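A.B. asks: Protein sequence lines correspond, in order, to chains A and B.
Under the working numbering, the residues of the first sequence are numbered 1 to 328, in order.
Under the working numbering, the residues of the second sequence are numbered 1001 to 1270, in order.
No lab work stands behind these hints: they were computed from the structure.
All of these numbers come straight from a predicted model, not from anything done at the bench.
Every residue, glycine too, gets a C-beta built ideally from N, C-alpha and C.
Wrong hints could be hidden among the right ones.
Stated by the list, open to error - In silico DSS-like pairs for lysine-lysine, Cα to Cα no more than 27 Å straight-line:
(1) A/229 / B/1270
(2) A/234 / B/1244
(3) B/1208 / A/110
(4) A/63 / A/110
(5) A/234 / B/1003
(6) A/230 / B/1208
(7) A/32 / A/207
(8) A/110 / B/1079
(9) A/230 / B/1079
(10) A/234 / B/1270
(11) A/75 / A/170
(12) A/229 / B/1079
(13) A/230 / B/1253
(14) A/229 / B/1208
(15) A/110 / B/1204
(16) A/230 / B/1204
(17) B/1003 / A/39
Claimed, not checked - Every beta carbon over 10 Å from chain B, so not counted as near; a handful from chain A, in silico:
(18) 39
(19) 50
(20) 54
(21) 57
(22) 131
(23) 167
(24) 171
(25) 185
(26) 207
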Amino acid sequence: MRGRAGIQYQRNRLEINVVKMKDKSSMNMSVKIGKLKLKNPVMTASGTFGYGEEYADYVDLNKLGAVVVKGLSLKPRLGNPPPRIMETTGGMLNAVGLQNIGVDAFIEEKLPFLRKYDTKVIANIYGESYDEYKKVAQKLSSVKGVHALEINISCPNVQKGGLSFGADPKTAAAVTRKVKDATDLPVIVKLTPNVTDITVIAVAVEKAGADAISLINTITGMSVNVLTKKPRLKNITGGLSGPAIKPVALRMVWQVLQKVSIPVIGIGGIMCAEDALEFLILGAKAVQIGTANFINPQATIEVITGIERYLQMSNVANINKIIGTFKP
Amino acid sequence: MTKNIYIGEILKNEEVAQDVFQINVALHAAFGKPQPGQFVMLRISGLSEPFLSRPFSVYSFALKKNSCEVGLIYRVVGKGTRILAGLIRGTQVEIIGPLGRGFEILRDKENIVLVAGGMGVAPLSFLAQNLRTYLPSSRIYFYLGAQNAAGIIGVEGLEKSSCSMSLCTDDGSIGKKGLVTQVFQEQIKSFSPDSTVIYACGPKEMLKGLAKIIRGTEFACQVSLEERMACGVGACLGCAVAVKNKKSSVTYKRVCADGPVFNIREIVWK
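Sequences and hints are given; from them, build the entire structure.
C.D. replies: Written as structure tokens, this is what we have:
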């Protein structure tokens, strides 16, 4: 749509002229993560999409494979003091510190809004003890409208929690088992890249009963202000995200895929459909879009339409025929 | 779904004072009229650096036939603004907005005091223009401070909005020598809290100073805050500001979605 010459109403959506080999309606974009069926393989990444409502003005949530909400703890968490974010080359650092309204307020105030949409809701959960993980999982399993749990064992920002669980195969497995025992929902375990060998953790959580694995969370990093000689983040260290981390994420997804047989969800620096397809071709069943939402609120939708266009151009009717077609 | 990402076209991008640029962007008329104090997130189409969009308060707005013209001002402080300053007329930028909660206009206050430091002049100039339209009989007192004469911008436009101007600079090169908050403090007795509202925007230290000056008084005072942002819509929780809640314990609000305008008494100044 154009108004006066040169002034467009909406972002310019690239329309590639291709022979329509496959009609969109006959195309199958749905994927299965264990018993969780998604209408397409594109989800939002936890912590980058709020509780869904923050982006509902820009994105038709009905079109998403799933909405993964901001990490929930048993009690509300204040989060870290500012400054919490800093731009870096090809990405950003954050040390938000898991600020969230708590699981009860989520169920009361945020879930009713999400229930109105025809999309899957995945609750990302976080705890500082095994018991907290268990309680949060139980609360979310007893209400309507939550379709799966994603366990955050990997947030690098809170000193006494996340990292210690995710960096050790024994504690990672123990958390997984606790949550599995507390819920009938599919359980996805989100892994941290800040370990020596991520496949060891992946195998441990698979053995502990995880239904799927998502990776990677942010990579720990820093930035220094040379004028003040102070850290750019009040927390000193933060998690790096954005396109800068995509090659690392792809490498780790590839390594994990060699070692586990449960579904893997690829996360890390996906900005466009081509980025998402890299993960899918490696064998990830689905992807999560994170930091891209911040700079393009419609990134998720553009990735979905881009994947559809790729299927059309490849003359493939089913996304599952693309997943795992990597030729090393 | 009600909002869009707008493609804007740069109409001008000029240095209006030392290291201070005004950028005017043409957007589709559907963008709509921003409220004073609201902001936009701007990024350069097709560039991967700067990576994040940048927040800018709206400085001016004009509705044309099928389009509108949004004016922003910025100081070149880092890599992002340096790249922005190099853009020429016709370059495309992506804009989302208008975002955030702007200034609340109080109709029962006939005296309006605006206190701006540096780039804080942007939202307050836009507020002054709007007040002239909505409250034509109000008296507007504009206290404008900068480091030096070269940093004082937009005075002509403000005089056109019949603001009574008080200029001050750190080095005394124009107006009074000293901090804008000190100059206001010297004259605070000439205002009555019943009939006066204060709006302020500027560096954190300046706003903190203002908070001290009006502590213990009954003046209504709204401040517009600045913070690093990633999303601008309340999702990333990057732009946290410490506030006192009703039980007077400290919690964080989002400058982008809960602000950028806050009651000055709500903020916890560090």
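A.B. asks: All hints are to be evaluated individually against the structure, with a verdict given for each.
C.D. replies: Results for each hint:
1. A/229 / B/1270: Answer holds: residue 229 of chain A to residue 1270 of chain B is near 19 Å, not above 27 Å.
2. A/234 / B/1244: Holds. Residue 234 of chain A to residue 1244 of chain B sits at ~20 Å (cutoff 27 Å).
3. B/1208 / A/110: Violated - the C-alpha atoms of residue 110 of chain A and residue 1208 of chain B are around 35 Å apart, more than 27 Å.
4. A/63 / A/110: holds (19 Å)
5. A/234 / B/1003: violated (33 Å)
6. A/230 / B/1208: Between residue 230 of chain A and residue 1208 of chain B the Cα gap is close to 22 Å, so the pair holds against 27 Å.
7. A/32 / A/207: holds (20 Å)
8. A/110 / B/1079: violated (38 Å)
9. A/230 / B/1079: holds (18 Å)
10. A/234 / B/1270: holds (13 Å)
11. A/75 / A/170: At roughly 26 Å apart (the allowed maximum being 27 Å), residue 170 of chain A and residue 75 of chain A satisfy the hint.
12. A/229 / B/1079: With a Cα-Cα distance of about 18 Å, the restraint between residue 229 of chain A and residue 1079 of chain B holds, given a limit of 27 Å.
13. A/230 / B/1253: holds (24 Å)
14. A/229 / B/1208: Holds. Residue 229 of chain A to residue 1208 of chain B sits at ~24 Å (cutoff 27 Å).
15. A/110 / B/1204: Violated - the C-alpha atoms of residue 1204 of chain B and residue 110 of chain A are around 33 Å apart, more than 27 Å.
16. A/230 / B/1204: Distance ~18 Å between residue 230 of chain A and residue 1204 of chain B Cα, so the pair holds.
17. B/1003 / A/39: Status holds; Cα separation ~24 Å.
18. 39: holds (17 Å)
19. 50: violated (4 Å)
20. 54: Residue 54 of chain A is in fact no farther than 10 Å from some Cβ atom of chain B, at 4 Å.
21. 57: violated (4 Å)
22. 131: About 25 Å separates residue 131 of chain A from the closest Cβ of chain B, which puts it past 10 Å; holds.
23. 167: holds (24 Å)
24. 171: holds (27 Å)
25. 185: Non-interface label on residue 185 of chain A holds, nearest chain B Cβ at 24 Å vs cutoff 10 Å.
26. 207: holds (35 Å)
Checked against the numbered hints above, the structure violates hints 3, 5, 8, 15, 19, 20, 21; every other hint is satisfied.
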